[in-house]
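Peer 1: Below are the chains, spelled out letter by letter.
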Amino acid sequence: MRGGECMNILLNELQKVQDSNGYIPEEDIHRIARVKDISSTELYGIISFYSRFYLEPQPEYIIRVCKSITCSMNGSLDLSKELIKYLNIDNNISADGKFALEYVECLGQCNKAPVITINDEVHGELTKEKLLEILEDYRKEA
Amino acid sequence: MKEKLYLKSILSEFKEKYDYPLFKKVLNASRRDVVNEIKKSKLRGRGGAGFPTYKKLEYVFDKDNVHFIVNADEGEPGTFKDRFIIEKNPNHLLEGLLILAYAVEAKNLYIYIRGEYKEAIHKLEKAIQYLNTIKETFNYSFDISLVKGAGAYVCGDETSLINSIEGKRPNSRIKPPYPTEEGLYGYPTVVNNVETIANVPLIIRDGGETYAKIGTSESTGTKLVCLSGRIEKAGVYEIEFGSLTMRELIFDLGKGIKNGNKFAFVIPGGISTCVLTDTELDVSLDYESLKEIGTSFGSGAVIVGDEQVDIVSVARNVSDFFMNETCGMCYPCKEGNRQIHHLLSEIDKGIGTFEYLDLIREISNTTSITARCGLGQSAGNFITCASEKFREQFLRKMKVGDPID
Amino acid sequence: MIQLINLKINGEEISVKEGTTVLEAAKKLNYNIPSLCYQEDLSIYGSCRICSVQIKGQPTLSIACGTEVSEGMEVITNSERVMDTRKSIFELLIANHQFDCELNCLTCSKAFSCELKKVAEAIGVDSLRYKFIDQPFEIDDTSKGVYREESKCISCGRCVRVCNEVQTVSVLTMANRGPQTKVSTFYDRGLGNVDCTQCGQCIKVCPTGAIHEVYHLNQVIHELRNPKKHVVVQIAPAVRVSIGELFGEKPGMNYEGQMVTALKKIGFDKVFDTNFTADLTIMEEGSEFIKRLETGENLPLITSCSPGWINYAELRQQDLLKNISTCKSPQQMFGALSKTYYAEQEKLKRENIVSVSIMPCTAKKFESKRSEMKDDVDFVLTTRELAKLIKSYSIDFLNLEITPFDAPFGISTGAAAIFGTSGGVMEAALRTAYEILTDETLDTIDFEMVRGLTGTKEATIKILDQEINVAIVSGLENAKQLLKNKEKYHFIEIMACPGGCLNGGGQPLHTDQEVLKKRMEGLYSIDEKRSIRRSHKNPAIQNIYEAFLINPLSEKSHELLHTSYKQR
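Residue numbers (our numbering), protein chains in the order written: chain A, 1 to 142; chain B, 1 to 405; chain C, 1 to 568.
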């Protein structure tokens, strides 16, 4: 009879590590693999499947631009160009190193298309102006 | 034309300290009674497959150690109804879950929710926390584990979901055996969509027969339709099956196309369903009518496009989705989606030839009969359908000569 | 009561045991349904979908390898729909298997054994309409024994499964998702940077040229062409009963004489037999065993001639390093003697001797480069590389006359010959240890109870008044399990490859139990026919002790024939 201990579930355990470190460090992979009685290699193979698990440290803010059908119909890709310009993004990282840019598939917020998330904070019904305002706020905070 | 506020009205009755009266009602009845009500209601799965819910319950009814999983992975583009349900009233979902769990005597309950749904997760965690504090008041023991997804659409497929919970690479499994036979950790497992489960308390409250009077004889109850795209009023609309047409949904409820643009196409049930043109808008919104005209209601994600949307780009966008989201295990799906994406990219860039459309159709046919799971089997549906119904748009972008059929 | 299921395949009726797959049932009717990811002895993977068949009543096709028969089932394996679908899948798969001027079927190392060709023929592929889409393929050349080329990988998953399920070393995995899905190592660091034991079982199951041994062939040929170099070669026991297969011969036929002839024609200065140093190993290890029995220390004694096992122990079983025999493997003992004793005898300078070995093994390539081994063996060729060498010199191998091995390192016993199969080292050691300890001659020296291809074998031998418990394991998973109870035993033989060296990473590919059995029988047949079958009765061995080494475990022996291990 399972004790409802959510930490028994690999996904949750990995998410916990990811939440405290911003990524999943190698030592944690070895530790968790030992506990789960699987090889570190197999665990690496599992982690690499998921888009939201990172094996390397990430910048402070991860901007995810939805590129799926509804958002792209509503200009999300054009907006992302504005984003790239404003934050001076090259190779998916901003010039100041604080923002990472990712294109992701449907975030389930299609009623507010076009949508981006910044560290999972949802920003929808974006226009160029609204986007730049939001970015400026984050910039100030960063 | 109005919405039918049935599920939506019970959802709006959210109470933080909810005491689960419908679950308590069910605990005084027999398990068999519950299954019978579900059977009478003719409830069908709302995740996309439309499978009669009672059949899964029947199948595991006499089995031991049944596990129950709520599929809240909602990754189908254009779908946001499950998020709506959970954010509005997580207790309602939990009550539906408990009722079904009782019916099949499942004690180990899991809710697999996509990691991106931060607000829904937060609300659900609070609801489960509260539920755990009143557990003793029920004459039924259970454990609910909340599992957070990590950004993989394929985990919405039953067997991939199970593998994901078990801590394996979430490839789909070879079927048979099906989850109801051998599922999570090898136990008989029932996997149901959030919206499906959300209908259950209503069935208990009103009785299966009454529930079945709503909708049509084959599509009973209501559907939470997710209207999005180039629509004026995007959102979740609750409609009674068979009570309105696609045209009415788009132009009455949805208030038509944004900026007064001209309608071009609508995808009725998510990107694995066949697209509809302006001549097909008078189809009634229910499972059987949509099936009859060669498409499907799927998850209920109604995505509307206007004349400014390039359908070829949309097709390429859809192929990009499937290419990235396939688990990558079986050849037809991995290589097929890669090739379809490549061919569509070339067409989109203006360097394709019309043979490409034949190749795309062949790949889609091959994958639809050989892929391991639903993702692969239906990945080509929208694309081949769009290339047929909007052939002109595709041919217009071709490299060679005068496009003649 | 085994239930029989009746079904029809292509209209033909057949009854098979419950639990049989459609693929197996079809085989009984002589329909070899093509497949790629399926591999006997490994779990069903179901990824290639090429074995798809039509089962009456099913809307989609079903995979024959993963579908069990059911009563009244009607299967069609050759309908137009099925055959067209198979071609379509194959075309899609091939589109990602890069063909260009550099990477093509003529230059590929697996040109003549590639399973894709066999499957293409079985499917009747007649067009390839999809273009290759550029991807960042990499080469993994980090390992000394095993080499990987991503561009040829078709992600059938066999290598991952054999590493996980049979060897349980688990250094390979599928990584990523979607179009980036690929076979990878931990953080994609490469086999040389993870706990790979170099056993090469992954090579044996790979259908394409994506994994193969690190080639030493060109370097060997280069040395052969250098007039200043004196090139000697030693041939391992298992090679001689397998080399014929690569020329179309049945497995298990002894071609040692022809190999000597061929190598002489190719220009090797001397052709020696690893079996000689196998006998030497028995002398040293037998003495070591007797000593440990006397003191009772560091028992059980564990054999050390399998470098795959040594790698595994150094990486994962470090507490057992003290139990492992300090004896070098026969390959390395030979290398040491070739550069010292032999050099002296022939009045050659060490730096002018090139010592080559021909092994059924890929881990031996790693072993030869260990710093402890001081480059005593310069290059290691697998059985497969030997075949390539012979073919590239246009030699009609099967029709060659027989030439004996060169003296003095060409004389060996039957005990040495059986080193190539699981249980062989143990039996050879027991023959000698028994007779030395009891000072008696055995009536029968066939220790049947240690023979056979089973992964784990146990036996108890009574020597004087003591019951000696021995165990013989092959395959690293079996070793791992057995070692949990190691205290039970006095002596354990461990071979990394299931079945022993005859199933080594350097052997002819795509074998099954039948082939392995024939090779094994070939080796025992050589043993039977030898006039001398006990290592301690080998006159050349007796000579080398008299003339050079003095005694087993002497200072000289320790200097040249023994080694040490490290924790990695």
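The set of hints was computed from the structure by calculation and includes no laboratory data.
Mixed in with the good hints there might be a few duds.
[What the hints assert, rightly or not] List of simulated lysine-lysine pairs, PhoX-like, C-alpha gap at most 20 angstroms:
#	chain 1	residue 1	chain 2	residue 2
1	B	K175	C	K131
2	B	K168	A	K36
3	B	K88	A	K112
4	B	K126	B	K17
5	C	K229	C	K347
6	A	K112	B	K258
7	A	K16	B	K126
8	A	K16	B	K123
9	B	K258	A	K128
10	A	K36	C	K87
11	B	K349	C	K480
12	B	K399	C	K131
13	B	K168	A	K16
14	B	K17	A	K16
15	A	K112	B	K118
16	B	K126	A	K112
17	A	K112	B	K233
18	C	K87	C	K131
19	C	K182	B	K168
Peer 1: Does each hint fit the structure? Answer for all of them.
Peer 2: Results of checking the hints against the structure:
no., hint, verdict
1, B:K175 / C:K131, "violated, 32 angstroms"
2, B:K168 / A:K36, "holds, 11 angstroms"
3, B:K88 / A:K112, "holds, 17 angstroms"
4, B:K126 / B:K17, "holds, 11 angstroms"
5, C:K229 / C:K347, "holds, 13 angstroms"
6, A:K112 / B:K258, "holds, 13 angstroms"
7, A:K16 / B:K126, "holds, 18 angstroms"
8, A:K16 / B:K123, "holds, 18 angstroms"
9, B:K258 / A:K128, "holds, 18 angstroms"
10, A:K36 / C:K87, "violated, 41 angstroms"
11, B:K349 / C:K480, "violated, 57 angstroms"
12, B:K399 / C:K131, "holds, 17 angstroms"
13, B:K168 / A:K16, "holds, 18 angstroms"
14, B:K17 / A:K16, "violated, 28 angstroms"
15, A:K112 / B:K118, "holds, 16 angstroms"
16, B:K126 / A:K112, "violated, 25 angstroms"
17, A:K112 / B:K233, "holds, 10 angstroms"
18, C:K87 / C:K131, "holds, 15 angstroms"
19, C:K182 / B:K168, "holds, 16 angstroms"
Hint compliance for this structure: hints 1, 10, 11, 14 and 16 are broken, all remaining hints hold.
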